[in-house]
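Colleague: Here are the chains, one letter per residue:
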Amino acid sequence: MANHSDKRFPKAMFEPAQVDEALAEKIEKPSLNFWQDAFLRVRKNKAAIISFIILMLLVIVTFVGPYINGYDSETQNAAHSNLPPRIDALADVSWLPFEGTWEDRNGNTLYPYEERGIEESYWFGTDKFGRDLFTRLWEGVQISLLIAVLATAIDMIIGVSYGAISGYFGGRVDNIMQRIIEILTGIPNLVIVILLILVLEPGILSITLALAITGWTTMARVVRGQVLKLKNQEFALASKTLGATDFRIIFKHLMPNMVGVIIINTMFTIPNAIFFEAFLSFIGLGLQPPDASLGTLIEDGFKVMLLYPSQLIIPSIVISILMITFNLMADGLRDAFDPKMRD
Amino acid sequence: MGKYVLQRIFYMALTLFIVISLTFFLMQLIPGSPFSTAAKLSDSQLAIMNAKYGLDQPLPVQYAMYMGNVLQGDLGVSFQFSNTPVTELIAGRIGPSLSLGLQAMIFGTIFGILLGIIAALRQNTWLDYGSTFVAVLGKSIPSFVFAAMLQYIIGVQLGWLPVAFWRGFEYSILPTIALSIFPISIAARFMRTEMIDVLGSDYITLAKAKGASGYEIAFKHAMRNALIPVVTVLGPLTVSLITGSLVVERVFAIPGLGEQFVTSINVLDYSVIMGTTILFASLFIFTVFVVDILYSIIDPRIRLSGGNN
Chain A
1 MANHSDKRFP KAMFEPAQVD EALAEKIEKP SLNFWQDAFL RVRKNKAAII SFIILMLLVI
61 VTFVGPYING YDSETQNAAH SNLPPRIDAL ADVSWLPFEG TWEDRNGNTL YPYEERGIEE
121 SYWFGTDKFG RDLFTRLWEG VQISLLIAVL ATAIDMIIGV SYGAISGYFG GRVDNIMQRI
181 IEILTGIPNL VIVILLILVL EPGILSITLA LAITGWTTMA RVVRGQVLKL KNQEFALASK
241 TLGATDFRII FKHLMPNMVG VIIINTMFTI PNAIFFEAFL SFIGLGLQPP DASLGTLIED
301 GFKVMLLYPS QLIIPSIVIS ILMITFNLMA DGLRDAFDPK MRD
Chain B
1 MGKYVLQRIF YMALTLFIVI SLTFFLMQLI PGSPFSTAAK LSDSQLAIMN AKYGLDQPLP
61 VQYAMYMGNV LQGDLGVSFQ FSNTPVTELI AGRIGPSLSL GLQAMIFGTI FGILLGIIAA
121 LRQNTWLDYG STFVAVLGKS IPSFVFAAML QYIIGVQLGW LPVAFWRGFE YSILPTIALS
181 IFPISIAARF MRTEMIDVLG SDYITLAKAK GASGYEIAFK HAMRNALIPV VTVLGPLTVS
241 LITGSLVVER VFAIPGLGEQ FVTSINVLDY SVIMGTTILF ASLFIFTVFV VDILYSIIDP
301 RIRLSGGNN
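Protein chains in written order, with UniProt numbering: chain A, 1 to 343; chain B, 1 to 309.
Think of the hints as simulated: they come from the structure by calculation, not from any bench.
Bear in mind that the values here come from a model prediction, so they are computed numbers and not experimental data.
We put the CB at the ideal spot given by N, CA and C, even for glycine.
One or more of the hints may lead you astray.
Below 20 Å or equal to it, Euclidean Cα-Cα: the simulated SDA-like pairs (lysine to any residue) are [stated by the list, open to error]:
#1 B/K139 x A/S320
#2 B/K139 x B/T232
#3 B/K139 x A/F52
#4 A/K229 x A/V259
#5 A/K252 x A/L228
#6 B/K139 x A/R334
#7 A/K44 x B/V136
#8 B/K3 x A/N175
#9 A/K46 x B/L127
#10 B/K139 x B/K3
#11 A/K44 x B/Y129
Quick list of the computed label-pair ranges, beta carbon to beta carbon [to be verified]:
#12 A/Y111 x B/F165: 30 to 36 Å
#13 A/R172 x B/M12: 21 to 27 Å
#14 A/D37 x B/I196: 22 to 28 Å
#15 B/L59 x A/R116: 58 to 64 Å
#16 A/R116 x B/Q28: 51 to 57 Å
Going by beta-carbon spacing under 8 Å, a handful of chain A positions derived as facing chain B [said to hold, decoys possible]:
#17 I183
#18 G186
#19 I187
#20 P188
#21 L195
#22 A278
#23 L285
#24 I298
#25 F302
#26 P309
#27 L312
Taking the hints into account, I'd like the entire structure generated from these sequences.
Modeller: Printed below as a string of structure tokens:
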């Protein structure tokens, strides 16, 4: 046939390729460790990266904020009570609420700064005792974050140890420990938290403790599942044959394989703790004055919502941003660490 | 099946027993006298009062008495409302809470499921991203912040709906929306995952090959199977409704159980706190039980331990 001598496909193209046995095993890309691998996948998730950046900025402002405008959070000044937010540089931007005015119920604009002859500006206004809300807000966020991180850390320690022991030893130990968890999860967290705080008196420590006591069961369940899966694999068996103790196998060999799930779980626990702290403050079980947290600020703002809306709106926006960024970041990390997503 | 149900009932009873014991012993730890006028009473008056309420008995006897009373539905008397029985208080308050909770549950799950189906059918379009955005907002923004914002923007600024109180259907619209934002987000996310999963299965391809329309495939074939696992989130949703009702009722001044619970926390009306706690706990435990049983009945692929094979 004529096609056999088609000029587009000269005979030379159909020579067998030289196969070099040594090259067959060559690894083209640099090998990645767990963290690099996870980071590559997180990087693709734009929402998670943007959330991370916003969250970092927020955390920086939280720790710097109380020192930058020269007021402190506890000085009371009756003459300066309930002032609206005013930022001199932004006062002329009409769509931003920083020109230092309130609106009363009939729609009239009030000028408290001018009426009272106050020269200085409070960026986020003041509360009913004349305390600077900008400083109070960031100190409040600090306390909320402190409670959340502390509760989550305790949570993690209890949950990981409980889950690891239960899963690793199995048998009757596992059975009893799982029945205990089953009963504990049957009791709504809200009930335990409220009862504990009533007994312990509201405060940073009691709130943290109450959150930690109720939060660890999810972590314990997840870790147990992982340990059950990992403990029979060859590397654990090898370590056992070499005479490693149970403790060493759990913490030295199994734990590094569970870092992913533990991180994911932690990332979901933190926003949960932030929410619960604010929730408790809102129903009257939060921090006692003069301490402030996001929850107590929202609670105080809610009481004067009709007169001074910014006192409610500003902390509400901050808590929403915190919660949204934490959740989006947790989602991104889950997708990155989830072994099912590996391609 | 029967064995499984029996086992679950046993655990349910055990959990409830622990909750009641916990509330009783924690109540004992709280300092102070249950009588608000204790300071004005003489020793003999105090002794009479203590005897009347059985407080002079040793702790185990009090515990047994309390347990017996609770089992008979007697939750003690309120200190705040001049000795009204707690059961009576709860009965008077449960109406608005129940109707608000049901409204939010029905609206939340139906709307959430629809949102999830739309997102799954139009995967990676702006509809999908929009519904994911709503789900993230609903999961992230605390219910009381959302409730207060709704109240301020729609109630106060725009004046479209009543700001507060409980005097008819239009008063319940804002609280229902505020309370259902969490169910919506959970149901939407769950439904989306399940739908995508089901849409990839063989029988859907078969239905497509046979020429079924997109509408028919989505609602007749895929939705039915995708709905089954969604039943499992009803348990956590009940908890969120209870938690949410505490703050939402407070924000909108609704005379329900949650509002009363918050008030009694603020004035330390212990017997009301304990009674409501026990009620909430029973509600939760019972819902989880029903959901588990329901799940094993409607999904024939699941036969729990001890079931008929």
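Colleague: Hint by hint, note whether the structure agrees.
Modeller: Evaluation of the provided hints:
1. Simply put, B/K139 and A/S320 have alpha-carbon atoms about 10 Å apart, close enough for the 20 Å limit, and the pair holds.
2. Pair hint B/K139 plus B/T232 holds up; C-alpha atoms about 17 Å apart against a cutoff of 20 Å.
3. For the hint pairing B/K139 with A/F52, the CA-to-CA distance comes to about 18 Å; that is within 20 Å, so the pair holds.
4. As the CA atoms of A/K229 and A/V259 are separated by approximately 14 Å, the hinted pair is consistent with the 20 Å bound.
5. For the hint pairing A/K252 with A/L228, the CA-to-CA distance comes to about 16 Å; that is within 20 Å, so the pair holds.
6. Taking the CA atoms of B/K139 and A/R334, the gap is about 16 Å. The hint holds against a cut of 20 Å.
7. Restraint check for A/K44 and B/V136: satisfied, since their Cα atoms lie roughly 19 Å apart, inside the 20 Å limit.
8. Using a Cα cut-off of 20 Å, the hinted pair B/K3 and A/N175 holds, with the two alpha carbons roughly 18 Å apart.
9. Restraint check for A/K46 and B/L127: satisfied, since their Cα atoms lie roughly 18 Å apart, inside the 20 Å limit.
10. Restraint check for B/K139 and B/K3: not satisfied, since their Cα atoms lie roughly 37 Å apart, outside the 20 Å limit.
11. As the CA atoms of A/K44 and B/Y129 are separated by approximately 16 Å, the hinted pair is consistent with the 20 Å bound.
12. Range check, A/Y111 to B/F165: about 34 Å between beta-carbon atoms, so the 30 to 36 Å window is met.
13. Between A/R172 and B/M12, the C-beta spacing of about 24 Å keeps the proposed range 21 to 27 Å intact.
14. Remark: the range hint 22 to 28 Å for A/D37 to B/I196 is upheld by a beta-carbon distance near 25 Å.
15. A hinted range of 58 to 64 Å for the beta carbons of B/L59 and A/R116 is consistent with their spacing of about 60 Å.
16. Look at A/R116 against B/Q28: about 53 Å separates their beta carbons, and that is inside 51 to 57 Å.
17. Hint on A/I183 holds. Least Cβ distance to chain B is approximately 5 Å, under the 8 Å limit.
18. With 8 Å as the threshold, the beta carbon of A/G186 comes within range of chain B, its nearest partner Cβ sitting at about 4 Å, so the hint holds.
19. With 8 Å as the threshold, the beta carbon of A/I187 comes within range of chain B, its nearest partner Cβ sitting at about 5 Å, so the hint holds.
20. Satisfaction of the interface hint for A/P188 is found here, the shortest Cβ-Cβ separation to chain B being roughly 5 Å, below the 8 Å cut-off.
21. For A/L195, the interface hint holds, the least distance from its beta-carbon to any beta-carbon of chain B being 5 Å, beneath 8 Å.
22. Interface restraint check for A/A278: the shortest CB-CB distance to chain B comes to about 6 Å, inside 8 Å, so the restraint holds.
23. Contact between A/L285 and chain B, as hinted, is supported at the beta carbon level, the nearest pair being about 6 Å apart and thus within 8 Å.
24. Interface hint at A/I298: satisfied, since its Cβ lies 7 Å from the closest Cβ of chain B, which is below the 8 Å cut-off.
25. Here the hint on A/F302 is kept, as its CB sits about 5 Å from the closest CB of chain B, short of 8 Å.
26. Hint status for A/P309 relative to chain B: holds, with the closest Cβ pair at about 6 Å, below 8 Å.
27. At a threshold of 8 Å, the smallest CB-CB gap from A/L312 to chain B is about 6 Å, leaving the interface hint in force.
Checked against the numbered hints above, the structure violates only hint 10.
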